[in-house]
Every structure is written in C-alpha cells, then in structure tokens.
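*Asks:* Position chains B, C and D against the provided structure of chain A, taking the given hints into account.
Residue numbers (this note's numbering), protein chains in the order written: chain A, 350 to 466; chain B, 350 to 466; chain C, 350 to 466; chain D, 350 to 466.
Keep in mind that the hints are not guaranteed to be accurate.
As the list makes no split between identical chains, a pair holds if one copy fits it or if it spans any two.
No farther apart than 25 Å at their CA atoms in a straight line, the calculated lysine to aspartate or glutamate pairs in the DMTMM-like style are these [what the hints assert, rightly or not]:
#1 K385 - E410
#2 K447 - E358
#3 K459 - E357
#4 K449 - E395
#5 K424 - D466
#6 K385 - E357
#7 K424 - D441
#8 K424 - E358
#9 K409 - D466
#10 K378 - D466
#11 K389 - D441
#12 K443 - E395
#13 K443 - E420
In case anyone wonders, no lab produced these hints; they're calculated from the structure.
The chain contents come next:
There are 4 protein chains.
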Amino acid sequence: MGILSNGEERMVVVEFSIIPLGVGTSVSKFIVPALKEMEKRNIKYEVTSMCTIFEANSVKEALEVIAAAHEAVFKTGVNRIVTMIKIDDRRDKKISMKGKVESLLSHLKKNRDECGD
Amino acid sequence: MGILSNGEERMVVVEFSIIPLGVGTSVSKFIVPALKEMEKRNIKYEVTSMCTIFEANSVKEALEVIAAAHEAVFKTGVNRIVTMIKIDDRRDKKISMKGKVESLLSHLKKNRDECGD
Amino acid sequence: MGILSNGEERMVVVEFSIIPLGVGTSVSKFIVPALKEMEKRNIKYEVTSMCTIFEANSVKEALEVIAAAHEAVFKTGVNRIVTMIKIDDRRDKKISMKGKVESLLSHLKKNRDECGD
Amino acid sequence: MGILSNGEERMVVVEFSIIPLGVGTSVSKFIVPALKEMEKRNIKYEVTSMCTIFEANSVKEALEVIAAAHEAVFKTGVNRIVTMIKIDDRRDKKISMKGKVESLLSHLKKNRDECGD
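Isolated chain A (complex conformation) (with noise of 0.2 Å):
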C-alpha cells in the first residue's frame, strides 16, 4: 500500500484478459471462475467486451489478484492461457476509474465547447 505526498492512499488502476487456448472458440465460460476468484477476495471488477479493469492500492495486490484469477480459469480444464495485464500506476495524484473516465470526459466537452461542436 502506498501514500501520496498529500496523504491520500494510492491507487493503481489494472486491465487484464485472460485468454484460454485450444477449447473452442467460445471461451467465455472458462473465464468465470476468474471473475469468481476476485469476487471471493471483495475485488470490484468492471466487465468489458474487451477486458476486465479493477483498483488496487498496489501493484503487488493487483498482480495477486490476476495470477489467482489466471490460476483459477486453469481448474476448469484448460491446458494453456495467454493472460494480458496493463497497469497504470500513477504517484503524483490518487487516481481512480471513475476519475480517469471523467477527466477524459471533461477534456473531451471542454474541447466541444471551444469548437463550437
């Protein structure tokens, strides 16, 4: 766990997929036991089509939580797993998935005002 210059506790904002070779072309219900995985540990996850994205307060957590997660889809019978991982890890602000979303969105609206959009 860390803390920013301001006192406020870090967070680091993670992605992940985790992809299970070789049992068909349909692979989505290899990768519940994963999301099962974090739910077990009180990990609030966002699902997206592409990847799952979740806070932690560091990259040693975080990087618990996926090769648990990778682990667990490896129960069900899988024999190979390609598991992609990014980590934003930010220092010299708390930052968040809310608060990323929002400052892009911000920006974003800002540059239609000045545009005329």
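*Replies:* Here is chains B, C and D on its own, set in the frame of chain A:
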C-alpha cells in the same frame, strides 16, 4: 467487410489505448483528438479507464480508424506515442461488444445459480 | 511515410502477436502464414518467443502488414483470432529496432561502470 | 512452482514493457533499474526493441519479478508508469523461450520445403 456462413455481417471488436510520452503525467487532454477523429467517422466507441473499445466490419477498417486516431494525437505537439491494440476477430459466429459482455455475465449467473451463491 | 525535422526518414517499430483460439494448444504451425505474408512484402522481421517485431515507415503501412498477416492465419481454418499490437512512434528522433536495443544496453553499461558492478 | 504430468518442471514465458510518462521522449535510462532488479534476482532476460522476455517457474514468481522491476523505475523520480505484461502458461507440455522460437522456425522451414520456396 465480411459475411459469416449464416449470412450475418461479420464484426470485429477492437480495444486500443494511446500513451503520449514526454508531455507530463496528465495525458487525457492529448487523447481528445483521437476521440474526435472517431466521432468524425461516426464510430460509436466505449471509453473505459484503461482503453477505448469499438466495433468494425473488418480488421482493415478498424486499424484505419486507429491509425487516424493515433495520428490526430501527434497534432497536439506530442513527439512520441506508444499505441496498444487488441483485436478480437471471430468468424464462426457474430460477436459484438454487447453480446460478449452478455455471454460472460450469463455464464457467471448460471454458475452462481448452480453453486447456490 | 514521414520525414523528421532533421531530414531523416521516420521509422516506427511495431510488435504484434497472433493468438489462434480453438485449434489446440500447439499453435505455431498456424502462425507460419503470417510470417510468409511478411516475407512476400519484403518485411524484415524479428521472431521472439512472445511476439514478432518489425520496422515500417508509417503506422498506416505497419498496420496494413499486420492486417494481411492476421488474415493469412484465418486461411488455415482457424475460426477465432486475438491479435495484439504495440506501436512505438517517435518523431523528434529516428528510432530503429537496433538503435533502441543499443540505447538501452549502453545506459545499462554506463550504470554498471558508475556503480562499479 | 509446478510439475507437468510427465514429471518435467513447468515453465512460463513472460514478456513485459515499462513505459515511464512525463520524463521526456528518451526513456531507456529510466528502464535500467528494472533490468538491474532482474539481475539481482539472477533472472536471465532477453531484451528486444519492444519488450523484455524471461522465463519463470510460475506466474506468481514471474509477477513478483515484474512488480519489483516496475517499483525500481519509480526510484528514478518517475511519477507515472504504464506497465504491460503478457504471460504464456502452458501445462500439457514444457515450453521455453528457446523452444517456442525453434518450434515456429521449424514449422516455417517445413512449409518452405513443401512449397518449394
């Protein structure tokens, strides 16, 4: 553009993220031109805290959109960009952003019902 | 194609990997047509255990190559492919595959000399 | 650590790249502490122009190494880092960096021989 064996139009689901280097730690304002480039082309996109997701009729079309979005960010004065792309291209069944999430959540619900969670 | 401010031809360095789903756990034979597609276009590529890397004069050109490589893999009878791409596009200085590795190793050497490692 | 059904020790092959934001467009000097962190742990790694690749006995072990490498880069004064990771974890057969490249090149050679290229 592609047609599936059942006559449906094929869709690819694509995720990308554009990371500008050397312009400070707050980068969302530099990403705005990428989103505007997509809007100019009438691409409906989903913004998440870690990536942008959209659908296209072919990989070629999807990558042309991303190349244009990537180029637009350079016009803000950025000198180096790392862009990541992930393509999901399925040809035995039509996929969509909505359909993929629904499939995963329905498998999760079914699993919960069976396990009595 | 792009020209840098110093008159040099711009280069982008691109990494990609193609993951065929539902065709077993041994997938390298399905990747062969992607490499042959690159060779047909006289693209010099580097194969690693996790990705293929090449240089191009523009993002547009690089993505056309990858779209063709991706398409070639479908011709082997694969029904679903996840393709990942990472683009490094720098415009204040010419980059190359060779130059990037040399820069990193020279910084590593300098650090070792300074630290007396 | 894992043992395969044939008694061999399991290996995972892992690729990662660390992207420091807001410290200029030349970033290789910031990556040096990540490589030194791996050397301190006696991890043999391969540096490419787009990523670093290494082998580990488990996903857990691999991710601990990457978390340490990521953390080391912050010590250079960087305030935001995006780190990408791709894991290849196969359990029906031992994989290695060397073995994966050899398998692909042998399939490519076989294809060329058959096609009379």
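*Asks:* Hint by hint, say whether it matches the structure.
*Replies:* Each hint, compared with the structure:
For the homomeric pair K385 and E410, the shortest alpha-carbon distances inside one copy (17 Å) and between copies (23 Å) are both at most 25 Å. When the C-alpha separation of K447 and E358 is checked against a cutoff of 25 Å, the pair qualifies only within one copy, where the shortest distance is 16 Å, while the shortest distance between copies is 34 Å. In the homo-oligomer, the alpha carbons of K459 and E357 never lie at most 25 Å apart, since the shortest distance is 28 Å inside one protomer and 37 Å across protomers. In the homo-oligomer, the alpha carbons of K449 and E395 lie at most 25 Å apart both inside one protomer (14 Å) and across protomers (14 Å), since each shortest distance falls under that limit.
Taking CA atoms no more than 25 Å apart as the test, K424 paired with D466 passes between copies only; the shortest distance there is 19 Å, against 52 Å inside one copy. In this assembly of identical chains, the alpha carbons of K385 and E357 never lie at most 25 Å apart, being 30 Å within a copy and 30 Å across copies at closest. Taking CA atoms no more than 25 Å apart as the test, K424 paired with D441 passes between copies only; the shortest distance there is 13 Å, against 40 Å inside one copy. When the C-alpha separation of K424 and E358 is checked against a cutoff of 25 Å, the pair qualifies only between copies, where the shortest distance is 19 Å, while the shortest distance within a copy is 35 Å.
Taking the closest pair of Cα atoms, K409 and D466 never come within 25 Å of each other, the shortest separation being 43 Å inside a single copy and 28 Å across copies. For a Cα distance limit of 25 Å, the shortest separation of K378 from D466 across copies, 17 Å, qualifies, whereas the shortest one inside one copy, 43 Å, does not. Within a single copy, K389 and D441 get their C-alpha atoms no closer than 31 Å, and across copies no closer than 28 Å, so neither meets the 25 Å cut-off. In this homomeric assembly, K443 and E395 come within 25 Å of each other (Cα to Cα) both inside a single copy, at 19 Å, and across copies, at 23 Å.
Taking the shortest Cα distances, K443 and E420 sit within 25 Å of each other only across copies (17 Å), while inside one copy they are farther apart (30 Å).
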